[in-house]
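Just so you know, the protein sequences line up as chains A and E, in that order. Just so you know, my numbering puts 237 at position 237 of the first sequence, and the rest follows in order with no gaps. Just so you know, my numbering puts 26 at position 26 of the second sequence, and the rest follows in order with no gaps.
Certain hints may be false.
Keeping only pairs whose Cα atoms sit at most 20 Å apart, straight-line, the calculated SDA-like set for lysine to any residue is [to be verified]:
no.	chain 1	residue 1	chain 2	residue 2
1	A	Lys237	E	Asp30
2	A	Lys218	E	Asp31
3	A	Lys285	A	Ser263
4	A	Lys645	E	Lys84
5	A	Lys758	A	Pro602
6	A	Lys521	A	Arg576
7	A	Lys595	A	Thr707
8	E	Lys15	E	Asp4
9	E	Lys118	E	Arg149
10	A	Lys324	A	Asn506
11	A	Lys285	E	Gly33
12	A	Lys285	E	Met1
13	A	Lys250	A	Asn685
14	A	Lys265	E	Lys12
15	A	Lys645	E	Ala124
16	E	Lys127	A	Pro697
17	A	Lys218	E	Arg145
18	A	Lys319	A	Leu474
19	E	Lys118	E	Gly155
20	A	Lys250	A	Leu694
21	A	Lys285	E	Gln45
22	A	Lys295	E	Leu43
23	A	Lys285	E	Asp31
24	A	Lys265	E	Pro20
25	E	Lys15	E	Met1
26	E	Lys148	A	Thr707
27	E	Lys84	A	Asp221
28	A	Lys285	E	Asp4
Rather than coming from a laboratory, the hints here were simulated on the basis of the structure. Note that this is a predicted model, so its numbers are computed, not measured.
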Amino acid sequence: MTKFEKPSAFSRRALLKGAGALVVSVGSPLGLDALLAIDKAYAQGAKPPLMPDQLSSYIAINADGTVSAFFGKMDMGHGLFVAIGQMVAEELDVPFKAVTVFMGDTATSVNQGGASGSTGIQFGGKQMRMAAAEARRVLVEMAAEKLATPADQLIVVDGVVSAAFNRDKRVSYAELIGGKYFNVQLDWNKQWGNPLYAPGKAQPKKASEYKIVGQPIKRADVAPKVFCSEDFCTDVKVPGMAHGRVIRPKVAGAVPVKVDESSIKDIPGVKVIWQKDFLGLIAEKEWDAIRAADKLKVEWSAATPTFPATADIYDHIRKAPVRKRSEEGKPSGNVDDAMRGAARVVEAEYEWPFQSHASMGPACALVEIRGDQATCWTGSQKSHFVRDGVADMLGLPPDNVRAIWAPGPGAYGRNDAGDAAMDAAVLAKATGRPVRLQYTREQGTGWDPKGPASIHRARAAIDASGNVIAYDFLSKGFSRIDVLMNESKAADTLAGHLLGAALKVNDGFGVPAEVYEFANKRTTWETIAPLLERASPLRSAHLRDPVGPQIHFASESFMDEVAHAVGADPVEFRLRHLKAPRDIAVIKAAAERHKWQTRTSPRKDQTGNTVSGRGIAYSQRNGTVCAVVAEVDVDRASGKIWARKFTVAHDCGQIINPDGLVKCIEGNVIQGISRTLWEEVTFDNKAVTSVDWLTYPILDITETPETIDVVLLNRPDAAPTGAGEPSIRPMAAAIANAIFDATGVRIRRVPFSPDRVKAALS
Amino acid sequence: MNKDFTLDVNGKQHKVNVDPDMPLLYALRDDLGLNNPHFGCGLAQCGACTVHLDGQPIRSCVTPVSDAAGRKVVTLAGLGTPEKPHPLQTAYVEEQVPQCGYCINGWIMTAAALLAEKKKPSEAEIKQALEGLKCRCGTHMGILRAVKRAATMMG
């Protein structure tokens with residue numbers, strides 16, 4: 001029996017009851033007299049509505065004095081919950097171990113946006129910090145009344161409030177409110193998701209007062225993982241559950257026209273569900289579902305998706321009509337005039353392929369429908385939006401659906417988890433059974449929403465003295481929100497597409513996030529239509545640091561090309577054009593730690609087959625600034641790159657947990673190398689052909705760098721910003737610049753696979 | 001046609017009645033209710049389903065149940081317990097290796113077999129033994145640190 005078999009174990013009521021004897025009939029409303037007696041009605045037995053403007057929606061003090069923090073975001077493996085626990089414990093003045101963070105259950109938390117845009121601490125933590133500070137303020141006020149001591153003469157140590165000058169005069173949080181709910185209104189900004197903010201009257205602590213924030217506290221979930229006592233969403237089982245599978249066509253866009261159920265008659269207990277263009281099945285055992293999905297004889301409609309060959313995708317992008325164009329960033333001057341007046345213009349074009357989330361396991365979800373109520377267990381990054389999407393799919397009010405997040409098999413953005421939840425919902429509704437569905441590897445890699453392919457054109461105008469007088473940067477590619485960033489609408493999932501949901505056009509891309517000061521500057525993006533509008537395996541969506549790696553591969557490679565053109569050292573060139581102190585600081589920190597020697601690229605002192613080089617790149621991301629120095633070895637004969645050493649300088653403002661942060665950055669670096677050296681979704685005129693780990697290779701352990709040296713620039717008095725994605729952003733350019741330094745050859749198309757590097761060198 | 005098999009998993013005997021061609025993974029997960037070997041690819045390409053069969057790491061997603069019957073199967077849960085952990089489990093916790101954690105069966109079970117055979121493997125030998133296993137979160141640095149730490153612990 002797994003813990004998920006008893007959903008009641010997760011209810012707030014059960015949590016609040018805890019262990020002690022001080023529970024005041026939780027759940028049954030108290031009379032007015034009793035309420036008034038409980039310290040100005042700050043505490044109550046009845047549960048306030050689960051709304052963002054209620055303190056009880058974020059913080060509860062349990063009967064035993066422990067603290068429950070209810071978080072509307074979740075951890076994708078960086079230990080976010082540790083940092084949130086630290087922030088809550090810090091503000092409440094309770095031991096870190098007293099706090100348990102409950103994540104991503106729509107029955108216990110409000111929609112704070114899920115895991116999204118590296119905002120776990122930046123926005124989610126900010127809210128939890130303000131809620132915890134308000135909880136402390138209220139508790140101290142309650143204690144003041146109880147102890148007949150002014151609040152400003154009280155101190156809190158480990159959840160016990162006492163008079164500063166008479167420590168025997170004391171009352172614990174548990175005695176004040178344990179087992180009851182806060183009844184405290186917050187000043188909610190009426191926003192849901194990432195922008196949700198609802199402070200109370202309290203001010204949070206000053207950084208100089210921190211005892212818990214900033215400590216390298218370890219994750220408590222590692223031991224359960226290695227001793228196998230923690231369940232993933234793939235492990236959830238409920239009584240009466242069936243195993244589901246969906247069947248996808250071999251040719252994109254084809255739909256089933258004939259299904260021969262006699263082809264699987266020897267497999268027991270299979271039920272085929274064919275609704276419009278959706279085809280799936282359930283079976284009692286997972287192996288039977290797998291076998292049946294494999295054997296089911298299906299006649300598909302003739303389809304001719306207009307997919308070009310993989311290598312022709314960039315020509316397609318170049319020629320495709322622009323659907324939306326947007327100038328963003330901070331423009332200055334008149335770029336066109338400056339280009340016309342330039343002594344020379346440096347130009348380059350860069351190309352980035354479709355890439356797959358290729359999560360460690362394909363997505364999985366379980367949906368159970370009982371009457372007009374439904375529950376979905378999901379590994380999605382955004383369970384609150386899964387709730388909305390499942391409700392939309394089932395035609396239920398969102399309040400009738402509960403989505404429970406459990407760790408999934410990896411998530412780096414808008415992957416296949418949303419699709420899995422909807423497919424499971426369709427199968428559960430059609431069969432009246434709770435249905436668990438996990439995709440095949442082929443479906444996971446072949447049909448997940450993809451990071452968009454793009455081209456990037458950069459131009460720089462240089463005057464007669466070698467000064468850069470204008471910079472023009474244009475990205476053109478598939479929309480990063482062809483599939484929207486969350487699965488709150490059935491139409492944004494494959495099941496919705498197959499069941500005929502009306503499609504919407506969503507265009508978005510981005511521009512370089514840097515603050516180079518050029519007198520004339522323009523940064524623009526253009527999007528084009530998808531190759532196939534409905535049920536496409538090349539739907540484009542957010543993939544870790546949405547469009548960041550592509551854009552900054554181009555923009556930061558180009559900065560090196562311009563540095564080369566004007567005969568400047570790449571670090572010196574960047575510093576020459578920057579005034580922002582934090583941007584300058586990360587570049588200097590990375591260069592200093594790496595013992596960067598000032599000189600121009602490429603190196604000219606190497607002979608032999610293996611040559612080495614160094615390269616730098618930097619970028620911002622929503623307040624975080626990061627610089628990466630890469631050192632690579634290039635095997636000239638084979639074209640094989642070993643990305644050998646990295647120095648990362650990282651400034652995300654106030655650091656909550658340096659240990660978690662360093663490991664998060666290491667993961668970004670490794671995935672960044674992988675995306676740069678190996679990853680490319682391939683396809684032919686029928687379908688995606690990169691469908692497993694052989695056809696979609698990622699960085700192998702034998703290719704691990706020797707060193708990843710991380711320099712953390714802590715700014716305790718600055719607001720904390722994100723770390724989940726910023727350091728993957730400059731990785732490709734740092735590697736490309738290092739390859740140029742080693743070889744004198746500029747590679748402008750990702751991935752830098754051995755055959756491509758070899759061809760470029762010959 | 002289903003057949004009866006006796007599986008020896010983590011020292012306990014289990015009787016199952018299943019399709020002989022069914023991969024061991026599904027017997028472990030569905031019939032025995034063990035959650036720790038994970039489905040990653042079903043193609044023996046990633047290692048998320050790795051268990052020991054008579055001490056050797058194998059991919060349970062492609063190993064038929066019939067091949068495993070009568071032999072000793074050990075899963076990650078059988079490798080050690082919080083009270084009596086395998087050094088690799090201790091090292092994984094100490095080094096805080098996993099991110100999503102879905103891949104760890106492959107790394108720990110494969111490294112455990114390596115360390116059982118070779119006391120002090122070099123970095124190159126560790127990498128070679130682990131070649132082909134997948135970790136999408138990119139915990140490679142931590143994995144190598146943990147295997148080296150475990151090797152040191154095992155003397």
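Results of checking the hints against the structure:
no.: 1; hint: A:Lys237 with E:Asp30; result: holds (10 Å)
no.: 2; hint: A:Lys218 with E:Asp31; result: violated (35 Å)
no.: 3; hint: A:Lys285 with A:Ser263; result: holds (18 Å)
no.: 4; hint: A:Lys645 with E:Lys84; result: violated (37 Å)
no.: 5; hint: A:Lys758 with A:Pro602; result: holds (18 Å)
no.: 6; hint: A:Lys521 with A:Arg576; result: holds (16 Å)
no.: 7; hint: A:Lys595 with A:Thr707; result: holds (14 Å)
no.: 8; hint: E:Lys15 with E:Asp4; result: holds (7 Å)
no.: 9; hint: E:Lys118 with E:Arg149; result: holds (14 Å)
no.: 10; hint: A:Lys324 with A:Asn506; result: holds (10 Å)
no.: 11; hint: A:Lys285 with E:Gly33; result: holds (12 Å)
no.: 12; hint: A:Lys285 with E:Met1; result: holds (14 Å)
no.: 13; hint: A:Lys250 with A:Asn685; result: holds (11 Å)
no.: 14; hint: A:Lys265 with E:Lys12; result: violated (35 Å)
no.: 15; hint: A:Lys645 with E:Ala124; result: holds (17 Å)
no.: 16; hint: E:Lys127 with A:Pro697; result: holds (17 Å)
no.: 17; hint: A:Lys218 with E:Arg145; result: holds (16 Å)
no.: 18; hint: A:Lys319 with A:Leu474; result: holds (15 Å)
no.: 19; hint: E:Lys118 with E:Gly155; result: holds (11 Å)
no.: 20; hint: A:Lys250 with A:Leu694; result: holds (19 Å)
no.: 21; hint: A:Lys285 with E:Gln45; result: violated (24 Å)
no.: 22; hint: A:Lys295 with E:Leu43; result: holds (17 Å)
no.: 23; hint: A:Lys285 with E:Asp31; result: holds (9 Å)
no.: 24; hint: A:Lys265 with E:Pro20; result: holds (19 Å)
no.: 25; hint: E:Lys15 with E:Met1; result: holds (16 Å)
no.: 26; hint: E:Lys148 with A:Thr707; result: holds (15 Å)
no.: 27; hint: E:Lys84 with A:Asp221; result: holds (18 Å)
no.: 28; hint: A:Lys285 with E:Asp4; result: holds (16 Å)
Of the hints listed earlier, those the structure fails to meet are numbers 2, 4, 14, 21, in rising order.
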